[in-house]
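Trainee: Put together the whole structure using the sequences plus the hints.
Chains A and B, in that order, give the protein sequences.
Residue 79 in our numbering sits at position 81 of the first sequence, and the numbers go up by one each step.
Here our numbering = 1-based position in the second sequence + 61.
If you are wondering where the hints come from, they were derived from the structure by calculation, not from laboratory data.
Cβ coordinates follow ideal geometry from the N, Cα and C atoms, glycine included.
Some clues are possibly wrong.
As the list claims (entries may be wrong) - Some chain B residues judged to face chain A by a derived CB distance under 10 Å, without partners named:
id, residue
1, 73
2, 183
3, 186
4, 205
5, 208
As the list claims (entries may be wrong) - Pairwise CB distance ranges, derived in the manner of DEER restraints:
id, chain 1, residue 1, chain 2, residue 2, range
6, A, 32, B, 111, 33 to 39 Å
7, B, 109, A, 133, 44 to 50 Å
8, B, 182, A, 94, 49 to 55 Å
9, B, 184, A, 90, 19 to 25 Å
10, B, 113, A, 108, 26 to 32 Å
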Amino acid sequence: MKALFRMKLTMPLILLIALPFVVQAQDARLQLGSLDHLAAKANEIVDVNVDERLMKVAVKLLSDKDADERDVKKLVDGLKGIYVKSFEFDSEGQYTAADIETIRTQLRGPGWTRLVNVMSKKDGNCEVYMLFNGDQVGGLAVLVAEEKELTVVNIVGPVDLDKLAKLEGQFGVPELGIEKTKKNDDEK
Amino acid sequence: MKDDYLWDKSGQPDPEIRKLEDILGTLRYQPKPLEIPVSRRRNYFPLIAIAASLLLALVAGGVWLRVRNQSAPPPPQEAKVVPTRPKIDDATPEPIRDKSKTTIAVKRPHHKSVPSALTKREREEGLAAKQQLMIALRLTTEKLSLIHRKTQGITPANQIKNQHRVG
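Mentor: Laid out in structure tokens, this is it:
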């Protein structure tokens, strides 16, 4: 009886402790720290960590007069963070399947939907995931695992893919062709 | 020998039964008031558990508030109320106004006043963040472009080959 009573009291306690972790699990933010050990092997590293606070400060510095910056401002306005980890290696086999699996495991969580999955033995795997909170987009994740390169992009917040597509061709980014196709269809 | 004694305690009892009665009789129920031990050890576990839960909730709340405040944007500046031009019928000519006042109203766009409000440290931090943001967006669109090409079945190598043939 005593043991049962103790259990009844302990259970809410455990739930209370576990609550922040449960809440975090529904967040679009991915834990990319597990990839940090690859930095030692990588030839080139891109590590971007822009949280909500930094994002707001950066947005203030984006000019409304410059067309490119205005587009970026529109895109990032309302976002809660952008996190990127990209490793470029000199040789193949520098990262393992387990490294990718740590990210994939998080993307199997509730709300995440895989939109694109390109699997190629030669060129590696590319995956695009989106987090949906009901009808709202809560985040985006891009996982590109090539022979000598591993890239994970994590955008937290209501990212607009149309606006993101509009950025193509800017800052030296190659054209995606999404908008062009649409326009061509409209013209027809 | 009659067994009446065993049923209703009448008649002569058997000596062995009597002996058994005497032995077991000491264990007979004897009504007496309930004695509660004075020095009983109190169980504090439920109280400790409740207190720990409350403490944890308070700590969690405190941490959450702290994180929230840290990530919250700096307090917004008081919006400057720019005197708006009174509505005038299109047909009526525009009345002559003080030119200096008009200039102030026009040359104070909201977005101009915000960067100047940033401190030097915030500005440096913002510029670094802006640079990071651009890198992140560049890489994101680059990777999305790569994925798009792959889904379309056009590999960069093929593109180069095609360009060669055309050129």
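Trainee: Take the hints in turn and mark each one as holding or not.
Mentor: A quick look at each hint next to the structure:
1. 73: Check failed: Cβ of residue 73(B) comes no nearer than 50 Å to chain A, outside 10 Å.
2. 183: Since chain A brings a Cβ to about 6 Å from residue 183(B), closer than 10 Å, the hint holds.
3. 186: 6 Å, holds
4. 205: Holds, about 6 Å.
5. 208: Since the shortest Cβ distance to chain A is 4 Å, the answer is holds.
6. 32(A) - 111(B): 33 to 39 Å: 38 Å, holds
7. 109(B) - 133(A): 44 to 50 Å: At roughly 46 Å between Cβ atoms, residue 133(A) and residue 109(B) fall inside 44 to 50 Å, so the hint holds.
8. 182(B) - 94(A): 49 to 55 Å: 41 Å, violated
9. 184(B) - 90(A): 19 to 25 Å: 43 Å, violated
10. 113(B) - 108(A): 26 to 32 Å: 30 Å Cβ-Cβ, so the 26 to 32 Å window holds.
In this structure, the hints that do not hold are numbers 1, 8, 9, in rising order.
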